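Visitor: Protein chains in written order, with our numbering: chain P, 16 to 617; chain E, 16 to 617.
Worth flagging that the hints you see were computed from the coordinates, not collected in a lab. Relax, there's no trap hidden among the hints.
Taking beta-carbon pairs under 8 Å as the criterion, some of the chain P residues facing chain E (in silico):
id	residue
1	Asp68
2	Asn134
3	Tyr135
4	Ala437
5	Arg448
6	Ser558
7	Arg609
8	Phe616
This one's a predicted model, so the numbers in the text were calculated from it and none came from an experiment. All C-beta atoms, glycine included, are put in the ideal place defined by N, C-alpha and C.
2 protein chains.
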Amino acid sequence: MAVRVGLAQLNLRLGDLDGNADMIMAAYDEAVALGADVVVFSELTVTGYPPEDLLLKPAFVEGASLALERIAQHTGSVPAVVGFPEDTGRTGPVRLWNSAAMCSDGAVRGVFRKHLLPNYAVFDEQRYFLPGTEAGPLLQIGGVQLGVSVCEDLWGPPRTADAAADDGGLPSVVGGEADTSPALAQVAMGAQLLVNLNGSPYRRGKQADREAVARTRASALGVPVVYVNQVGGQDELVFDGSSFVTDAGGNVVCRLPAFVEQVAVCDVAVAPSEHAAAAGSRGSTRAGPAGDGTSHSVLTPMLEPLDEVWQALVVATRDYVRKNGFTDVAVGLSGGIDSSAVAAIAADALGPAHVHGVSMPSRYSSEGSRTDAAQLAANLGIGFRTVSIEPAHAALAGMLDTHAGGTGAASEPADDPADAAAADLTDQNIQSRIRGVLLMALSNRHGWLVLTTGNKTETSVGYTTLYGDTAGAYAVIRDVPKLLVYELCEWRNRQGDGERIPQASLTKPPSAELRPDQRDDQSLPPYELLDPLVEAYVEGDLSAAEVVEAAGRHGADADLVHRVTRLVDIAEYKRRQSPPGPRITAKSFGKDRRMPITNFFR
Amino acid sequence: MAVRVGLAQLNLRLGDLDGNADMIMAAYDEAVALGADVVVFSELTVTGYPPEDLLLKPAFVEGASLALERIAQHTGSVPAVVGFPEDTGRTGPVRLWNSAAMCSDGAVRGVFRKHLLPNYAVFDEQRYFLPGTEAGPLLQIGGVQLGVSVCEDLWGPPRTADAAADDGGLPSVVGGEADTSPALAQVAMGAQLLVNLNGSPYRRGKQADREAVARTRASALGVPVVYVNQVGGQDELVFDGSSFVTDAGGNVVCRLPAFVEQVAVCDVAVAPSEHAAAAGSRGSTRAGPAGDGTSHSVLTPMLEPLDEVWQALVVATRDYVRKNGFTDVAVGLSGGIDSSAVAAIAADALGPAHVHGVSMPSRYSSEGSRTDAAQLAANLGIGFRTVSIEPAHAALAGMLDTHAGGTGAASEPADDPADAAAADLTDQNIQSRIRGVLLMALSNRHGWLVLTTGNKTETSVGYTTLYGDTAGAYAVIRDVPKLLVYELCEWRNRQGDGERIPQASLTKPPSAELRPDQRDDQSLPPYELLDPLVEAYVEGDLSAAEVVEAAGRHGADADLVHRVTRLVDIAEYKRRQSPPGPRITAKSFGKDRRMPITNFFR
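From just these sequences and the hints, can you work out the full model?
Guide: Below you can see the structure in the form of C-alpha cells.
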C-alpha cells in the first residue's frame, strides 16, 4: 500500500499573500498532474517564513486568511496541506496559531495547530503564537490516515535556552521531561504517515541533523515521515529546502535538491491500520491511493560541505538583491581574498554583467592590489573601474588639519604617541569612509546595491570601519570565518570553469592597506589562532576564562584570549549598524545573538 | 501595625555583577540605617535589566549566583529581596528562572520564581526563562507575611500579541481567561503585603498605567502593594524608576522621583492576619516591625508630560555616553530644530563643556543656518566650530563626474529627468555623507561620541541619508515625532534659564539644505498631517487602507497615505543600520518593531 505524496518546495515571497497563493495553486496543480494523492507545503506557506512583526498587523492576518480561502477553493479531491497564521479571535483581540490547513474539494476541512513554538536562536514564535494542544485531526486519504504537524513538533520535548545555544542537536530528553511531540499521539490515533511542514533555515550540517531526527522518529514509531521545507533567501536567513521522506524503517527514500525550487512526488509505502475505519477525519474521501505500478521518487545526494556553503551564499545574495527590486550590485575590490570571494559569489548569483567591481586605491595601495583586482574582474567577466580616492583624501585631510588637530595624513607627526595613534586611526578610517561614500554614490547614481565584504572573523573583532567597509546593503560573508573564506575560494577555483580568484589574492598576506606596509597580523593574531577563539567565544558562548582553557591546546595564551574577547565585546556597536548577511553557522550576528551594547560583563 | 519598607531604586550597570553587588549592599545598609524592616530591589538586580543573550553564557549565570551569594552573606536580620537569574541545573543544561531571592542573616532563605514571562514588545523573556509555578514562599517579617512577585506577575492574565501591540493597558481578562497572577494565591496563603520587583522601561504615560494596575490589585485584594523599578538608560531602553507604594485601599502613599536613583523607606500599614502563625515562611524571624511613631514616606509628584520626556532623553543620553566609557559628544548643528534639540539635551545630560557643536555648511547652506547654529551654541555654552564641506564636496563631485556619470554638482544637467533626479539625489547624499565622515573623524581624533539628530517622523519615512546624518553612536530623538520635538524645545525654553533653542530655529520652515531653496514640505506633507499618519501606521499597526479610513478626518487622502506607508516600509533597511536611541512611545524602532526588510506586503 502506498501514498503518492507531493512535496512543494517553494521560494516564497515574504508577505506577498496573493503572489504566494498563486504559486501554491500552481504547485498544487503540478503535483496533482504528477499523480499526487496529497500535496504538502512548507510552514506558513501563505505568508512565507518568518513574517516577524507583520503578524501584529490585523490586516496582514486577515489577508492571509483570504489567500488561504482562495487556495482552498482551488483544491479538488486531492488534499493540500498549507501553512498559515490562524486567527480565531475575529471579533475580539488577535489570537494566533501557527497552523496547517487541510484543504480539499474547495474548502478547509481541518486545521492542525503547532504545539512547540521555538523561541530561541533566530526564532521568536512565542511573540506571535499560542501553542496548539490537539494532535488531530488526522487527514484521511482513502484508507490511509496522515498525521500533520509543523516543524519543531517533530523534534520532541520542549527545548530550553541550552538547546537554543546549540540549535539543532538531536531530540533529547532534557531534565527528564516527557516527549511532548504530537507525533506520538497521532500514531496512537492511527496515523500511518507523518507529514511535517517546515520553515527551517540553513546552517552548516543542518540537513544531517534534520534527517537524524526524522529517521529516529520514523523508526521508533514505525511510520514514514515527510518533511517539506521552503527554499530561498529572506534577509539574514537562507532556506535550503532539502525536503525529504523517510520510510517506516527510518531510511531516507527521497530528497529534493538543496537551494532549488522543486515540486516532486514520492511514493511512500504505508502499513495498513486497523484504526482507519474508526477515525473521525475530515480529510479527502478518495477511494484510495493511486498506484500505477511505477516508483516515483528522487533521491538527490546532499551537497559537499563547501559546495553547500557556496550555494547558500549565492542564493541568499540573489534573493536579497532581486526580491528587493534590484538587478545589479557594486563591490569594492581591494585585491584581497574577502572582496574577491564576494564578487565571485555575486557573479554566480546574478550573472557577471550585473556585477560592478570598483577598485579605489589610496596613496598606500600596492601595485599588486590594483592588478589583482583587475585580474579578478577579468576572470569573472564583471564590470571594473578604478577611482583613486586621493583627491577626497587630500581634501578631507586638509579640512581636518585646519579644524581638528590633524589626521596624520597631512600634518606633522604628533609628539604624544596616544595623539599620534588617534591621528593615524582617524586617517585610516577616513580612507575607508571615502570608499563607502563613493560606492554609495555609484549606488545612488546607477541603482546598484552595494555588497559589503567583511568576513565573520573581522566582524567579530571589529577590524572594520563603520560607515566605511561596512557600508552597503548586504554583508555576503558576514557569517563566514576567514579560513573558510580561503577554503571556499579554493573550492570555487576547482570547479572547472578556470581560475576565478587570482592565486595572488589567495597567497599574499592579508592587509587593509590603510597605512604604509600594513598587514592584518600587526593588529590581529594569525587567523589559524583567531578563528577558533572567535568560534568558541561567539558560537560557543564560553567566557574568556573558558576560552583560555580551551585555547591552551591551540597555542593561544590568556592575554591574547582576553584581548580578543574584549575586542568582540566592544565591537557590538559596529555590528548593530552593519547590514544583514546570510546565516551559515549555528550562531550568526543579528537576531541570532542579542547582546547589549552597554555591557560591563567581562 | 506597619512595616517600614525600604525601596532601592538603583541605576544598575548591566552585566557588572560585582559592581552591582556592591551597589546593592550599600543600598541595603542605607535602608537599614533608615530603619527598614525589609529592603526591596528591582527585577534581576544583580545583572541589571535586560541582560539579553548574556544569559546564554553559563559563566555569566554562575557569576550572578556568586554575586547573590555575596549579597546574602552581607545581610543581617533585615531581609533583602533581590532579583537574579536562577539556574538550578548546575550539573546539567542551563535552566533559568527569573527569580527573587529573600536573603537574611547571611543566606538566601527563599526564592520566588516569576510566573508570567513577557515575550512581546521589547521583551524576550521566554527566550531565556522557564515560568515559575509556585506562589510562595511568603516572606515573614515578625508577624507580617509578604508575598513576593516579579513585574508582569502583578499584571494578571497572560497577555497576547494584542496586548503586545498595546504594551501596557490595564489588566483585562482576554478571551475569558482566568487571572493567573500569583498575587491572588499569595493573599489566599495569608500575604498581608505584596512586593513586586520590576524592570519596567519608560514610555509616555506608563506610570499612570502602572499605578492603575497596582491600585486595582491592592483595592481588590485589600493589601498594600510595593512596586520597585530600576532607573537609568540601557541602550534603547530608559528606566524611570518611579517606584511607589499603595495602601490596602489602592491609594498611592509613596512615590520616588522619576529618573533619579534613590533609596527610601515607606511605612506601610498592614492589617493583622489570622494566617500568620500557620504560614511556613522561611523569612526573617524578627520580633516585629519597627515603629518609632513617625511617618516615613515621600510622595513625589509625577512629572509633567514634556518634562518627563525631556528627562527620559537626558538620562538615556547621559547613561549611554558614560556607561560606554565616554565623557564628550559631538553634534552636527544645522541650525534646525532637531540638531538644536539634541544639543540642548546633551548639554543638560553631560554639561555644556562636554558637548561639541559642529556646523558644516555646504554651498547650499543659508546664512541663517550658520548664525542660528552659532546662536544655539552660545545659548547653551557648548563648544562650536565651523568646517565647510566644500573642499571634499568639490573633490568627490569631480571624482564622480569622471567615473560615474556625474552627480549634478560638477557636471552639466542631464537631459533625461530620471537621470537628472539620480544625479541630484547622489549629490545630496554626498553632502550628508561628507558630514558623517567629518563627525566620525572628530570622534576618532578626540574620543567624542557622535549623537545623531533624526526624529521619529523622518526616521519613519526614511527622510535621512544612511551613513550621512544617521552616522553616530546614539540617536537621541529617534522615537520623538517632529511635532513633539517642537513642543519639547518650547518647553525647555520656558524653564527659566533663558532661551536655549533660538527662536529662528523654532519658526523657520524645516529644510535639509542639500540643494538650493530646498524645504521639507517639497518632499513630505506638512508634519501636522504626517505625524498622525506615521503614528497610526507604525505604533497602531494599521494597514494602509485602515490609515486612509482613520486619516480622512485629518485631511490626508488615500494617495498620500499610500505614499507615506510605502516610504515607511522601504526605509526599513536604513533603520536597520541606524544607531539605537531611547524609547519613549509604545512602539519604537529597534527590538520593539521587528519588520522584515525583504517584504512584499503592501
